[in-house]
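Combine the two chains into a complex, taking the hints into account.
So the sequence lines, in the order shown, correspond to chains A and B. With our numbering applied, the first sequence corresponds to residues 193 to 537, in that order. With our numbering applied, the second sequence corresponds to residues 3 to 397, in that order.
There's no promise every hint is true.
So the derived label-pair ranges between C-beta atoms look like this [stated by the list, open to error]: (1) A/341 / B/240: 52 to 60 Å; (2) A/239 / B/30: 46 to 54 Å; (3) A/421 / B/55: 41 to 49 Å; (4) B/178 / A/426: 20 to 28 Å; (5) A/455 / B/128: 24 to 32 Å; (6) B/178 / A/367: 30 to 38 Å; (7) B/30 / A/426: 27 to 35 Å; (8) B/131 / A/508: 36 to 44 Å; (9) A/422 / B/370: 54 to 62 Å; (10) A/367 / B/22: 52 to 60 Å; (11) B/57 / A/341: 43 to 51 Å; (12) A/511 / B/66: 37 to 45 Å; (13) B/131 / A/239: 35 to 43 Å.
Heads up, simulated BS3-like pairs for lysine-lysine below, C-alpha to C-alpha not over 27 Å straight-line [said to hold, decoys possible]: (14) A/402 / B/242; (15) A/429 / B/95; (16) A/419 / B/84; (17) B/177 / A/402; (18) A/223 / A/279; (19) B/177 / B/279; (20) A/459 / A/429; (21) A/343 / A/258; (22) A/343 / B/241; (23) A/206 / A/223; (24) B/279 / A/314; (25) A/343 / B/372; (26) B/84 / B/242; (27) B/84 / B/55; (28) B/95 / B/241; (29) A/258 / A/402; (30) B/219 / B/177; (31) A/258 / A/314; (32) B/95 / B/69; (33) A/343 / A/314; (34) B/242 / B/219; (35) B/372 / B/242; (36) A/217 / A/525; (37) A/279 / A/402; (38) B/69 / B/55; (39) A/206 / A/217; (40) A/497 / A/206.
Just so you know, the hints here were simulated from the structure itself, not pulled from any lab data. Just so it is clear, the structure is predicted and the values come from calculations on it, not from any experiment. For glycine and all other residues, C-beta sits at the position ideal for the given N, C-alpha and C.
Spelled out, the chains give:
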Amino acid sequence: MLYIHHTSCISPQKTYGGEALSFDKNSVDGKLLSIEPDYSGIPINILRRMGKAVRMGVGAALPLLKPGQPNGIIFGTAIGGMEDCIKFLNQIVQYEEGMLTPGNFVQSTPNAVASQIGLMTKNTGYNITHVHRGLAFEMALLDAMMMCEEKPDAEWLVGGVDEISAYNYNIERLGGWYKTADASSENLFTSATPGSIAGEGAAMFRVSGKGTNAIAAIEAVETIHTKEIIELSDRWKEFLDLHFGKESPELIISGDNGDSRIVPFYKAIQETTPAGADILRFKQFSGEFPTATGFALWLAVSINKLNSLPDSAFISRRGIASYRNAVIYNNYKGEQHSFILVQLP
Amino acid sequence: MSRILVTGMGVVSAIGSNVAENRQSLINGICGITRLEGFQSRFAGLMPFGEIKKNNSGLAAKYNLTKPGITRPCLLGLMAMKEMLDDAGLDEKILRSRSTAFINATTVGGMCLTDELYHDANAADTGSPYLGAYDNADTTLFLREYFGIGGVVNSINTACSSSANAIAFGAALIKTGRADRVIAGGVDCLAKFTINGFNSLHILSNELCRPFDESRKGLNLGEAAAYVVLESEDVAQNKKSYATLTGYCNANDAFHPSSLSDTGVGPYNAMHGALQKASLSPGDIGYINAHGTGTENNDLVESVAMQRLFENQPAFSSTKGNTGHTLGAAGSLESIFSILCLTNQEIYPALQFENKIPETGLIPNREYRKYVIEHVMTNSFGFGGNCTSLIFSRS
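Here chain B stands alone, though its shape is the one from the complex (with noise of 0.2 Å):
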């Protein structure tokens, strides 16, 4: 069977407007959790958001758009994914191929424009330009025309764990023979209506989030857009690649809409799961990029879950310390951190990390430092109990 590389990566995110920008504040411990400056709301300056300080209408101008009802989502999916492509050396006639695909994850889409959303739902008589953008397909549809992707396309929305599962899928398409290069990643924007949301369950921290702290009080939402470039060994041939996909799973955690079961059943199964796809132990992972989203309910069961599978805990951390939770763009944002890990042979520093859970006693990698690794995991857990994992190896 012929493996699956990562023959490119692109990155926006509050640390960064590319992959070598968040590689330097991930080394440094830069955390780009801040006021929020890019829209209206009554949250701006009670908590902090890891929000990408580029403007609509300045990203529009970069990229010549001028068509309307163009929203953030395509604009920051656009800058990740050209930079992906640029590394990845995919020109258009590559692109048109039947044989590549472009697998898209949002959980907010359009939904960004809140307002106006409001507006369109309930208005009589004339709609915003954005009609057509706030369903979760828009930015993939936009981005497929964009750069002309002629295989399949799909828009995938499991939540939190949204781009770790278009990866997965992505995965699927290679090994099956229905592609045999796939751009598979996410993207969320900041908006009211996630930051409501998820104040309303009250897991929103208005400090700086503390994965894995004791004290920690919730989270902190970002935006982001990451996008790989998966493919088939047979075509990569002498192509540069960052890692190998060795293991993806996705189990639900079957337990309750919006928080994980005490022992974990989902994530354990998630990482469990991955590990027999890639045929490896639990002792062959080197470093683990938790979802750490740094509310009380994920970090103790993912302790926990991490307790059950590993008998020595490997290195982890959570980078959502630095961006923030960027919901749908999380998985593909920490797969590219975890690459990063890989290839660089380096782990990060975990931001704001003072104290252990006393239940679980697990201490966060908390300084940058050198470390040989051959195989890193990645988490993502969603709102219904949509829990995945990934496994990426050295190539």
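Isolated chain A, as found in the complex (with noise of 0.2 Å):
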């Protein structure tokens, strides 16, 4: 078991630090960028040179780091700093390899996000990037749960970034993962066409193998590769008799992206689950990228305190005062699926 204690998320909508949190942002131009803090914790000229991954990522991660040194920082990010790694790919071709400067190439590593924060807060700790596209994040919640069972008195961050840039966003255009005429959040579920809206964000999780005090657990992370609903369908009735018996979860976060070639995969799993099951969509307001798990985690530990989630993100919603349990079902680009089982207190 995971015991979550803090979390701390940069996202497109007011999700980070004391202000009220609200859920009414939509996407300009089918995409969904962050609302960023002003980062008063980063000293300025370390902050200039930050690429918006690593940005976003120590934002995300100083407030958890107040409680005093974790034991080590496990990271996933599908793409690191892609604006820092083609803004140096530029240079390559554009100088024909001429003099070039390092900045851009040490801050294009995905490793620079986990490896900036230890730097900054001096953790010599355990300090790890997954890099396993849309289980990234998925990765780095194991990796901490087994560190956990290892040692459950030690403490540890775990988060999740990935950044739009220009760069990425027209690589990801090209292949089609995007909506084209009718992209954006409002009609995100019901254009019925190819492809989602992009989105971006960290999240960051201070966790430990001790309950007290915790505000979340979770009790399991499972991820499959396969292409084929059937096997999906089988593996996801699996994991709720494992867990649930004959009840159902409580909640299900469905990872719904609105692309017409995945939906079939998430009507499956509404299909195969017990009835009474609240079901909530979340990528109107994070948009889609690899590691938007950690958006539905933080949604997921905090869902009993969201008041403005507007009754609309829900596919289902019977009114329970509070949730008791959750489980999170994404799916990336047809082929990378996780169920992530949350508890609450």
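Pasting the structure below:
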């Protein structure tokens, strides 16, 4: 069991810091860009050199480092600092491999976020970056779970981040992963076209193997690679049987991204869930990105305090005052799937 | 607690297309660092590289791969994994099992296609066949699908310690009962991107790299794919095994994005932590396959950290003088080299070494010799201060 003690989230919605939370921001040109804080905790000369992914990751992490040093930093990101990466690449091509400045190169490596947090806070413990595309955040969670089983008293910083840069947006757009004419968060679930809307964000969690004062617990993280709906449904049934028996989870948090090619997977999950679960969708708030399950986990952990979540976000809502559990199901590009079971106090 | 055995190995590097060839090259002191031929770069004639002299179309034809969009790391990874699977006797049914995991590491991934990536990142109309191939997970997903691996699948990037961490993560999966066997390792290819990146940091040498030599001028980039099969002793039963993975530790230097601290906080902690994990004392280590990139910073700091930890310096060397620095593949490549030392009770000559570093006075092993070793350590240190050490022991 992995216990969550603190959480922090920078996203396209108002989810960061002490301000009132809200979920009313819509996409612009098919993109949901993060509402970035002023990053007052990051020295200005360091901040200036940071790409957006590093900035969001470090910014979301800093509040969770106030209780003291964690034993290590465990991170998930599919692409890390893509903007710096392509800036460096553009230099290579435009200057025909001439004299280049190393700043962008160093910032472009996916491990730059976790290592920057380690560097800024002088954390000499475990430090790792999982980059398994649509399961990068889940692999960070799994890693943390294993760490907690081995050393229950130790504390870990776990998180995920990905950015929309002009470049990875372009690559994904050319790949057909974004909607074209009708790309907007308002009609994400009604458009019935291929593709989704672009999103970004950073979600961080301070975790340990001890349940005292925990705000949530993660009981299971299961990841599956398959392109077959049947295989997915079978694994889902097995997962629910194992953890819920004949009961139903109280809340399913669905990663439905409105992509007509992927929606059948989410339908299959819905159809094989015993009646009684509320179903909440979130990508109209976060947009689609490889580590969007970080946002979903933040949502799950915070769910009982979120009065501002609109009814329209729920496919079904029975009006439970306080959820005791939630399961996140996410599907990335029809190939990478995850179930995350969250217990709430 | 059931031990974690290494029951299979597969490798392709600049000094050989399989484990046996690599060992022969190590014994004979062969240096695979040569002139770059595989792609155009301004640096091709200016500095040497540890290039694998096999072209992509030849490799694709060898494996009957006709689908577009398959990158060089996929092909090299496939080659090394096939050798490893045969070696470990893993069949399709075992691969499909949910208790078989695959942990892959890469830092370059499909970015070896630097020019295609440039096009796709900036193009308005149509993309190349490689649109889905640039991230660090693409190779992993290709190999997973090719072999139909059924358990946990993951990709790790901690720069130059990536595949050492893939092995450590695999060990944790077995220890916590999440897998019975894990295929772990990494692959990285030469790329204009990394050549220019390392060059901009002024740490590439225009001559053959000289690890631990006083007059070292920097590293040579290389390419490799290297995988091991880790199996829980409970499921491996009477299978042959090369070694036991006894120690592993990941620690951060927390000093600078691209260089190590003077006293080697991260390297020391990684080596020390691995010894603790293995319940060994420094005196138990018979040989260290050092990170030894040949840069001024790394070799001095690694020497200082070894001297702080080891009262009597064990035999050591860096095989990067043979292969060049293979980045994300270095940890698993050098794990295999270390295991070869253990299983054959031998150590290999350090290449291009002449004079010791005056501050530390350490001399790497300079000739091939038979050598009694119970435990070997291998070090991998990366950008971002990501340091990992592994220890393998005789089975």
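request  = Compare the distance between the alpha carbons of residue 217 of chain A and residue 525 of chain A with 27 Å, and conclude whether the hinted pair is satisfied.
outcome  = With Cα atoms ~25 Å apart, residue 217 of chain A and residue 525 of chain A stay inside 27 Å; holds.
inquiry  = Checking one constraint from the list: CA of residue 206 of chain A to CA of residue 217 of chain A, max 27 Å. Satisfied?
reply    = Holds, because 8 Å separates the two Cα atoms, which is no more than 27 Å.
query = Does 27 to 35 Å hold as the CB distance between residue 30 of chain B and residue 426 of chain A, or does it fail?
reply = violated, 53 Å
query = Within 27 Å, alpha carbon to alpha carbon, are residue 258 of chain A and residue 402 of chain A?
reply = holds, 19 Å
inquiry  = For a C-alpha distance cap of 27 Å, please report whether residue 343 of chain A and residue 241 of chain B respect it.
reply    = Violated. Residue 343 of chain A to residue 241 of chain B sits at ~32 Å, over the 27 Å cutoff.
query = Hey, residue 497 of chain A versus residue 206 of chain A, does the alpha-carbon distance stay inside 27 Å?
reply = Within the cut-off at roughly 14 Å; holds.
ask   = At the C-beta level, are residue 131 of chain B and residue 239 of chain A separated by a distance inside 35 to 43 Å?
value = holds, 39 Å
key: Distance restraint evaluation - residue 178 of chain B, residue 367 of chain A, Cβ atoms, bounds 30 to 38 Å   = With a Cβ separation near 36 Å, residue 178 of chain B and residue 367 of chain A satisfy 30 to 38 Å, so the hint holds.
Cβ separation of residue 421 of chain A and residue 55 of chain B, checked against the hinted range 41 to 49 Å = The hint (41 to 49 Å, Cβ to Cβ) holds, given that residue 421 of chain A and residue 55 of chain B are roughly 44 Å apart.
task = Note whether the CB distance of residue 57 of chain B and residue 341 of chain A lies within 43 to 51 Å or breaks it.
result = Between residue 57 of chain B and residue 341 of chain A, where Cβ atoms are some 46 Å apart, the hint holds.
task = For residue 422 of chain A and residue 370 of chain B, compare the CB-CB distance with the range 54 to 62 Å and indicate the outcome.
result = Once the Cβ atoms are compared, 56 Å apart, the range 54 to 62 Å for residue 370 of chain B and residue 422 of chain A holds.
task = Mind checking the alpha carbons of residue 258 of chain A and residue 314 of chain A for me, to see if they're no more than 27 Å apart?
result = Holds, at roughly 13 Å.
Hint check: violations occur at hints 1, 7, 10, 12, 14, 22, 25, 30, 34 and 37; the rest are consistent with the structure.
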